[in-house]
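J.: Add chain S to chain B, keeping to what the hints say.
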Amino acid sequence: MSAIASNSTGGVAVAQLQALQAGDDAAFRELVRDHHRALTAVANSIVGQSDAEEVVQIAWIKAHQNMGRFEGRASLRTWLTRIVINESKMWLRKYKRERSLQVDIDSPQPLADRFSSGGHWSKPPAAWHNDTPDDLLMVSELADCLDHLLGDMPDQQRSLLEMRDAGGMPFDEICNELTISASNARVLLHRARSQLFKLVDHYQETGEC
Amino acid sequence: MLKCSELVERSDALLAGELSWRQRMSFRMHLFMCRHCRRYVKQLERLLRAIPGMHGKANEAEVEQVMRRIREDDQEQHRH
Chain B
1 MSAIASNSTG GVAVAQLQAL QAGDDAAFRE LVRDHHRALT AVANSIVGQS DAEEVVQIAW
61 IKAHQNMGRF EGRASLRTWL TRIVINESKM WLRKYKRERS LQVDIDSPQP LADRFSSGGH
121 WSKPPAAWHN DTPDDLLMVS ELADCLDHLL GDMPDQQRSL LEMRDAGGMP FDEICNELTI
181 SASNARVLLH RARSQLFKLV DHYQETGEC
Chain S
1 MLKCSELVER SDALLAGELS WRQRMSFRMH LFMCRHCRRY VKQLERLLRA IPGMHGKANE
61 AEVEQVMRRI REDDQEQHRH
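Taken in sequence, the protein lines are chains B and S. The first sequence lines up with residues 1 to 209 when you count with the working numbering. The second sequence lines up with residues 1 to 80 when you count with the working numbering.
All clues stand as given, with none of them false.
Dumping the calculated DSBU-like pairs for lysine-lysine here, alpha-carbon to alpha-carbon at most 30 angstroms:
1) B/198 <-> S/57
2) B/89 <-> S/57
3) S/42 <-> S/3
4) S/42 <-> B/123
5) S/42 <-> S/57
6) B/62 <-> B/94
7) B/62 <-> B/89
8) S/57 <-> B/62
9) B/123 <-> B/198
10) B/198 <-> S/42
11) B/198 <-> S/3
12) B/123 <-> S/3
With the C-beta cut set under 10 angstroms, the calculated list includes, among others, these residues of chain S facing chain B:
13) 2
14) 4
15) 5
16) 13
17) 34
18) 37
19) 43
20) 47
21) 49
22) 50
23) 52
24) 53
25) 54
26) 57
27) 67
28) 73
Keep in mind the hints are simulated off the structure, nothing from the lab. Positions of the beta carbon are idealized from the N, C-alpha and C atoms, including for glycine.
Chain B extracted, bound-state conformation:
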């Protein structure tokens, strides 16, 4: 996990957390800068692209009002992700929008074509050469391909990836939110990760995506 999701304050130093809770404007701007796009991606996976911006705006207002209640039990990213999920669900209820998430449990495992019929690697992973792990997906050449990949990903797979791997939410909580069984959720999350793995692997091998 990166610093964003791994430590108890979500990559924010204690002094910065104190500043946030004291209502410091610059500290809150920094928080918005670090998390806004990831939170918009979570909302996007629940309410859809056209409403995601507005839902996240409302979520930021709630986060600002409730900053003093952040207890540091989860990371800041996870705390913010929960607020966005709640606001997304309220938005759907308020506007009575039925949005049934696509269930895509039958699609093939993205890495299936990399194995022989005996289950051995027929095309093993390339050696990835980026030195800094946190930059792996931030290569500018990958940006468009990453957008397309996430945009084409079935809703549930994308929600799982955004909530679990980007948002750091506990697995059980996500299964509840998405009303999905743990075993299906594991399969879908594995598919989402495998698609990203394939994208990075191909780029690392060929320099193209």
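T.: Only chain S this time, still in chain B's reference frame:
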């Protein structure tokens, strides 16, 4: 003996610490002998560390838009 494709399917559970002692031993034995799977698990870990930052940081205009709405909401609250 675990196949490579099975190891890949279960690697998420390994990294999440969800495998039993017996399953972990079977994983370790496979990884000891298979450099492709060693590379896969190592690179999957790198990928998982990279995902939280994959959307990048907001630009100044996006930050200002959020802050403006917060200020407007504050003013609205004070009026009532």
